[in-house]
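Asker: Generate coordinates for the entire structure from the input sequences, incorporating the hints supplied.
Using the numbering used here, read the sequence shown as starting at 2 and increasing by one per residue.
Derived from the structure by calculation, the hints contain no laboratory data.
Backbone N, C-alpha and C fix where the C-beta goes; we use that ideal spot for every residue, glycine too.
Watch out, some of these pointers could steer you wrong.
[Unchecked claim] Taking CB as the label site, the calculated pair distances span:
(1) Asp-283 - Pro-130: 27 to 37 Å
(2) Thr-285 - Leu-179: 34 to 44 Å
(3) Gln-81 - Arg-374: 21 to 31 Å
(4) Asn-276 - Met-131: 44 to 54 Å
(5) Gly-181 - Ser-229: 40 to 50 Å
(6) Ala-189 - Asn-280: 26 to 36 Å
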Amino acid sequence: MNHASSLRRLALCAATTLCLQFSPAARAGADWEIDAHPCPGPSRTDAMQLDADGTLWVGCGTNTNGLGLFVSPDGGDNWQAVTTSPADMVDEFRVMTLTRGHDGALYAGGVDTTAGTNLRVVRLDTSGPMPYPTTATLTSVPQVGRQFNVGNYVELSDGRALADSETGFDRLYRPDALTGSSAADWDAPATGLEQFQDLVAFDEGFYAAGSRINIAPRVFLPPQTPGSEPWQLVEVILDASYDGEMWGIAVNAQRVVAVGVDQDNDTGKIYVSGNDPYNANDYTVFDLPDIVGDGGFGTWARGVCMRNDTIVVVGERQPLGTNTGRVMISTDGGQSFSNITPTPSAESVSRCAIASDGEVTVVGAGGFVGRYRGALVPDRIFSSRFEPGG
Numbered sequence: 002m003n004h005a006s007s008l009r010r011l012a013l014c015a016a017t018t019l020c021l022q023f024s025p026a027a028r029a030g031a032d033w034e035i036d037a038h039p040c041p042g043p044s045r046t047d048a049m050q051l052d053a054d055g056t057l058w059v060g061c062g063t064n065t066n067g068l069g070l071f072v073s074p075d076g077g078d079n080w081q082a083v084t085t086s087p088a089d090m091v092d093e094f095r096v097m098t099l100t101r102g103h104d105g106a107l108y109a110g111g112v113d114t115t116a117g118t119n120l121r122v123v124r125l126d127t128s129g130p131m132p133y134p135t136t137a138t139l140t141s142v143p144q145v146g147r148q149f150n151v152g153n154y155v156e157l158s159d160g161r162a163l164a165d166s167e168t169g170f171d172r173l174y175r176p177d178a179l180t181g182s183s184a185a186d187w188d189a190p191a192t193g194l195e196q197f198q199d200l201v202a203f204d205e206g207f208y209a210a211g212s213r214i215n216i217a218p219r220v221f222l223p224p225q226t227p228g229s230e231p232w233q234l235v236e237v238i239l240d241a242s243y244d245g246e247m248w249g250i251a252v253n254a255q256r257v258v259a260v261g262v263d264q265d266n267d268t269g270k271i272y273v274s275g276n277d278p279y280n281a282n283d284y285t286v287f288d289l290p291d292i293v294g295d296g297g298f299g300t301w302a303r304g305v306c307m308r309n310d311t312i313v314v315v316g317e318r319q320p321l322g323t324n325t326g327r328v329m330i331s332t333d334g335g336q337s338f339s340n341i342t343p344t345p346s347a348e349s350v351s352r353c354a355i356a357s358d359g360e361v362t363v364v365g366a367g368g369f370v371g372r373y374r375g376a377l378v379p380d381r382i383f384s385s386r387f388e389p390g391g
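Answerer: Below, the structure written as C-alpha cells:
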C-alpha cells in the first residue's frame, strides 16, 4: 500500500460520525480527557498497547477488514499509520492482539487480509523511527489446527510463546525463541481446554479467561504439577449455575481479576480472587448493574487492567448506542467499585491500561480514547506522564 493509501486510511476516522464526536480533544469533567484514534466505525478496539514512555498503539480488529496498526507518541493526542520495512506488512492486517515480547519488540497478532498471505503474528522492531523493521513470527499452513486467525498471542521472558484461535479451541505453542515462524514448526497441544477470550503472561506463566456462550464461565491458570508444560493450564469454573464467558483477565502478585458476562441474565460480571485463585469459592463477585445502575436490557464487561490495588473494568450497557460504554474503577484491590464513565463515551469501551503514575487510558468503539487522571498518585499529579518511569 502506498503513502496515499495510508493517508486514505487515516481519513477514514475523520469521515466517521463517532470519531467527529470525540475530536478535537474534549474535557469530560475535571478527571477525563477525551481524544480519538483512527480505527473507524462502531467496531470495538480489541488490540491496545501502552508503553512506559506514553506511546499508545491500537489495532483495528473487530468487524474491521484489515485496516492495520496505528501509533500515538503522546498517549492519544496525535496519530500515525504504522509503516514497515518491508513495506505494507500491517497495512491490511486485522489486528486482534498487541503485546511487548521477551525481546522488547512489539508483536501484533490476528490475520493479514491481503490476498495470498498467511501472516498471523508479526514482530515490529520499534526501537528506531518508522518504517519499523518487521518480520513474520507465525505463519499459517493448510493443516487443521495450524491455520487459524490468532485471537491472542503472548510470550514468556525466554521467548516461549502461546497463540490461540480467535474463534475456536486450537492453540500453537513455541517451545523456544529459535523456533521458526511456520506453524508447522510449532507444537499444537491437544489441551482439552475450552475457548480462550483473553490471554496474558505473568511470573513465567500463562493465564487466560474464556468459555462459550452456552457453557459456564471459567479462567485458566498455570499448572501446579512440577514438570508440567506452561500450556497445560488448570481450568477453574467460576460459577456452574449460568452460561457465559469471561472476556478479560488481569493478574498480579496479589490477585487474579476476570470479567465477562452472564449470558443467561444479560449481566456483566467481575470476579476478584482471594489468596487462592484456583478455588472458585474464593472469588468476590460483582454485578455491573450494581455499579453502573439499571438501564437497557443488559450489561457486558469487555476488559480489565490492574496496577497494584487499582483495578479498572471496561465494557458497555446494552442495547448499544451513543454513550453506552462504561468504565469502572476500584482503588482498594477489588473490595469495591465505582462508576467513572466519562461523557461522551463510546458504544463500547473494550481495553484499558494503567500507567505507573496512575493515569488510566481506555479505548473503545468509533475511535474513542479516554484518559482518566482521577487515580493519579498524589505526588505525581503535576508531573509529566511521559517522563522516565512515569
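Asker: Hints first: check each against the structure and report whether it holds.
Answerer: Verification of the hints:
For the pair Asp-283 and Pro-130, the beta carbons lie near 48 Å from each other, so the given range of 27 to 37 Å is not met. In this structure the supplied range 34 to 44 Å holds for Thr-285 paired with Leu-179, their Cβ-Cβ distance being about 43 Å. Look at Gln-81 against Arg-374: about 25 Å separates their beta carbons, and that is inside 21 to 31 Å. Separation of Asn-276 from Met-131 is about 46 Å and conforms to the stated range, judged on CB atoms against 44 to 54 Å.
Hint check: Gly-181 to Ser-229, Cβ distance near 25 Å, so the stated range 40 to 50 Å is violated. A beta carbon spacing of about 31 Å between Ala-189 and Asn-280 agrees with the range 26 to 36 Å that was offered as a hint.
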